[in-house]
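**Student:** Protein chains in written order, with this note's numbering: chain A, 396 to 751; chain B, 396 to 751; chain C, 396 to 751; chain D, 396 to 751.
These aren't lab readings, by the way, just hints derived from the structure by calculation. All the pointers check out, no bait thrown in.
Copies of the same chain are indistinguishable here, so a pair counts whether it falls within one copy or spans any two.
The calculated lysine to aspartate or glutamate pairs, modelled on DMTMM-like cross-linking and capped at a C-alpha distance of 20 Å, are:
#, residue 1, residue 2
1, 691, 702
2, 510, 533
3, 691, 582
There are 4 protein chains.
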Amino acid sequence: MPHTTRLRDLGIQIGSLPTGPLNAITDVPGVLVGQTTLVTDTPSVARTGVTAIYPRPDLHQDFVFAAVYNFNGIGEMTGLPFIEETGLLTAPILLTNTHQVGLGYDTLVRYGAQKYGGFAYKLPVVAETWDGWLNDMDAFPLREEHFMAALESAGPGPVAEGNSGGGTGMICYEFKAGTGTASRRVDLFGQTYTVGALVQANHGDRAHLRIDGVPVGREINPEMVPLPWPAPPTTSSILIILATDAPLLPGQCRRLAQRGVVGLARTGGFGLDGSGDLFLAFSTGNHYEPGAGGLKSLQIVPHFSMDSLVIAAVEAVEEAILNALVAGETMTGYQGHTAYALPHDRLVAVMQRFVR
Amino acid sequence: MPHTTRLRDLGIQIGSLPTGPLNAITDVPGVLVGQTTLVTDTPSVARTGVTAIYPRPDLHQDFVFAAVYNFNGIGEMTGLPFIEETGLLTAPILLTNTHQVGLGYDTLVRYGAQKYGGFAYKLPVVAETWDGWLNDMDAFPLREEHFMAALESAGPGPVAEGNSGGGTGMICYEFKAGTGTASRRVDLFGQTYTVGALVQANHGDRAHLRIDGVPVGREINPEMVPLPWPAPPTTSSILIILATDAPLLPGQCRRLAQRGVVGLARTGGFGLDGSGDLFLAFSTGNHYEPGAGGLKSLQIVPHFSMDSLVIAAVEAVEEAILNALVAGETMTGYQGHTAYALPHDRLVAVMQRFVR
Amino acid sequence: MPHTTRLRDLGIQIGSLPTGPLNAITDVPGVLVGQTTLVTDTPSVARTGVTAIYPRPDLHQDFVFAAVYNFNGIGEMTGLPFIEETGLLTAPILLTNTHQVGLGYDTLVRYGAQKYGGFAYKLPVVAETWDGWLNDMDAFPLREEHFMAALESAGPGPVAEGNSGGGTGMICYEFKAGTGTASRRVDLFGQTYTVGALVQANHGDRAHLRIDGVPVGREINPEMVPLPWPAPPTTSSILIILATDAPLLPGQCRRLAQRGVVGLARTGGFGLDGSGDLFLAFSTGNHYEPGAGGLKSLQIVPHFSMDSLVIAAVEAVEEAILNALVAGETMTGYQGHTAYALPHDRLVAVMQRFVR
Amino acid sequence: MPHTTRLRDLGIQIGSLPTGPLNAITDVPGVLVGQTTLVTDTPSVARTGVTAIYPRPDLHQDFVFAAVYNFNGIGEMTGLPFIEETGLLTAPILLTNTHQVGLGYDTLVRYGAQKYGGFAYKLPVVAETWDGWLNDMDAFPLREEHFMAALESAGPGPVAEGNSGGGTGMICYEFKAGTGTASRRVDLFGQTYTVGALVQANHGDRAHLRIDGVPVGREINPEMVPLPWPAPPTTSSILIILATDAPLLPGQCRRLAQRGVVGLARTGGFGLDGSGDLFLAFSTGNHYEPGAGGLKSLQIVPHFSMDSLVIAAVEAVEEAILNALVAGETMTGYQGHTAYALPHDRLVAVMQRFVR
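Chain A with its partners taken away, still in its complex shape (with noise of 0.2 Å):
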């Protein structure tokens, strides 16, 4: 896996939780993430993947309690009424490019179907950001084979950011970005727990660009760093997919899904009209076997305990979207359209200019 950049490589820090080893969402025991990178320019130009994520290796025999929280729907987020009405995910996220939405569903639904017939993977979650200003999304360039890459693929350790997977032609603050991740880790009655985030980000105007507080965005100005032109249209939009081991109810699942908001606005973030800007969070703290009888035996943290777990979700929240930033590289793709990177030097000046 190609090394990128990450925000604490340039010596900035967010928030002051402990992060977990990888400091990213594989940090919480049993997450695997897979990726399809495709980037081509022929037959047509690709800048796209996919991004998939097991919340557990055997999640189709043990579900998981999750959430969906809709900050701007201008987007899409498959699946949600099984997870509203059951609050349970039984089946490995997908987040792609807003058109091919149709053809991970389709996949997991084969790939459910083959491996392991039965019921779990048939309404599954996939998500979409908008990628057609570097990638000619029309041409419709994924295949089946690429998202089944993505999930044959998936595993512990650390996870590509910037240009990788679903993330690979997004652009955020109008600087290249794409997928980032990032962790922290909370002591609760004596257990550690962690709490992991995956962004798949594509939002936002530059001058609202923030990071720790300091208006950088608007310091690293066009005449530095060209804004994509002509200008894309406005569907920018953020995935948020928080992770944890803490065992959460589904309606806490859903606190830390919203949660996701404050870590968004803290880089900028307004939820601007075209976004879709959908979060996700699910626990893995209990079990849920399907075919088991019998009431279930859970635990749950209390809502009143919930507070370090809630700034972990904030803290991973705001440097998995700087990391998806500090890690995007320059990219041309689509009809000549360049997306210029954040440049690391300038942004260390600046965070040094404003005291940080």
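Use these hints to put chains B, C and D onto chain A, whose structure you have.
**Tutor:** Coordinates of chains B, C and D only, in the frame set by chain A:
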């Protein structure tokens, strides 16, 4: 407690599941009901009251899971943000007339502050339906003592139906009605659980009334039993409270509450515009001590085993509405208005004519 | 189009409001329906199809207000975040089998991109019920061309019911059923408005079936008409699409969609666990041109005048379900399973015995 | 009205949009605010009050569209089912302390019944935050007359901030705070619209406070300004009321209310557990006369043109919170507790140090 007629006294049975011993919400172990009935002609014409429902006696230190469902929100039920956020009910529920929700709320907070201090009663659930056709509501006849009396008198055992408690002045399908209750028992995983319903029924047009599918409302026409006249404003509503000792998550309580619509629809309800149709379900099957540290252990019914509870809820709601109707006794009140009871002999005759 | 029997052909009438000329969702001016029915025995046993519904012909440039109601979310309807955020429906609705939602989604996005470019078809609504007892669903028999054919063939006029379109392989109350439709007309402020319903009915236990209150399901027992055997897994669902030309806000569309529960309940539906009961209502009474600048002018029905529309929606849904049931014809399919039609003569006899 | 310091008096500016002439919610034409401030030491130590907000003077006969957003529901806002169902606000909003919601509700219903009769004030919105650290809340110091005074005194013009009205005893980021307001103007389609915010700010940990991104809370440490001690229970909350004359649908009001989270997050808010973070937005840009017959004509801002309103709402909320904080004056109250004001000189020094 005055005995009023119940649907089964007339030989009419709803559904197929067995009832609890009282066929009342108080069949759910621990549930307590207290009622104040105020019928005076001076200083104002009062036909109103209060119904108090405790999910369990020591609720202030052992909360229950709960959820609210809004079928048609032209009505009030306070305390909703807290229930939505936590899935917990922490104080007894009060049902009363539309104008005196504020006094009920105020009384409950004072009562909790005096008796227990602390947090539990601060954000209580008080709900209403409109009895202003029989009750001089603008005279605000209930006083703090009436709410206190309902709270203090709460106990197990039979529940007075018809012209009693919060239902004192209520009219349903244009017959005199009021408070009604019923229960069902279901076996699940070798355990017997109870689902109980209590309604404050004040809704509906006569022509829509159905009993076990029979169009009773069309068959007992205004020539036989006068309609309320001059016609009351369209402000008909129904409150449904569902209780169970089956261990349910908040989201599962929402499912039960939502199924109140099915029970209501089977009697001829539509959720017409002026109606405040607000339903709350709670489960006493888990314990949630707010002060206790550490993770909480719960048991839950799997979603995929909830069907018998759903059917029990529907049957209990349907029968509770009909019990409210059968127990209602002709009442004359404010401005000489008279609401007539559903005549039992005619009801039985209609049912027989339609082969029930 | 093959004519199948309708409920009114048997002399059975639901409710009191007049129907539109076709007693179909296409009575709402501008609504188009197209269906593909796939019944093959090789290479796989296919008993499935697609139903496409256009709110109006030029929908891509003149959106309609809409809302979705989730009565029991064990099913899929895509496109929900966009509808929740905007209250707009921008693309035709597709109804099909559970496994092929992804292909329907993919086809609709491609179709929109080719035909209109731009935004409108990017986040479409595709919904499903499960036909895997008669249809070899794991063979994924539908191809892109089948979805295209439904889209391309959409037109005004009568709608094929029973074993047609998305309803081809569906079973309702343990009788063969499928697609059904009905409509009602109401006068409001000197205008006549239409409310139409189309259902894909695949839900329910035989014992629960009621027609105009008569317990038909109990009276046509398994000795008379065999139940599906071996019993299909509990995966019964119902999709309800409601259309009206009365000008409604999104929140008012939600009220209509929610009232689908009442219509469903009147036929014996409970929203049992395995069911995906997802209802969508749209209103064509306003125009929303996405490209137009400036404030938009709307007209709306006041909330307090919605009652006749609510009753119309309930009656149309109830009759659409029963039309699906009456139109269904005995079908043998996958693994030799046979689902039997509701016998019309017995139905009429039962209705007469119960004095209808 | 006593003049207290405002953020702009200190040379600190939030965002980029212009303010209205008063930089207050009352810049929205027709909006009236009235406040009662109760500071007494006998018979009980009272540090509390009431804030009343009228969307327009003749609200009882000309309703406004509105929506509520629940960011963290450990608090109360009554009247939610009616707003959810109708999208209408029909009575002035009251903000007060946690214990006296019931009295506020009761008073508002009586006031409406006496003054206007009829329907409008029956299901009012009364909301709260907890002032029990400075105010002897269990003494229930507010009386009906105090609520009446706030309602009767409501008018246009400047709004008293800090220790005034419902905010009298409130503490924010562990500094004395209370009521705050701000406004923004935006041009849309050749019209100038105003977005105004009023907050009752009682939330947050000192360490989290940010002003224009600067970590002020960390820089003004407990050695400089003592924290509230003994520490109050975690019951911090914030109420946000947003007003605009831009014509918005209820769903669009919800979008504005929801964006309150972004404004809150930018000051350092997280929505921690004990918090009642309830936000309401209304639009006066349409007229809804409840008694009028016929279709209603509306105008609305297209969704795709809402961005400037969203940014205006975020900026107004952010500045209103900071105005509440800057206007708060050191107060000693119940049990000798003292909450200290944010020292203006130190604030300015910190801002300069961080290059603002």
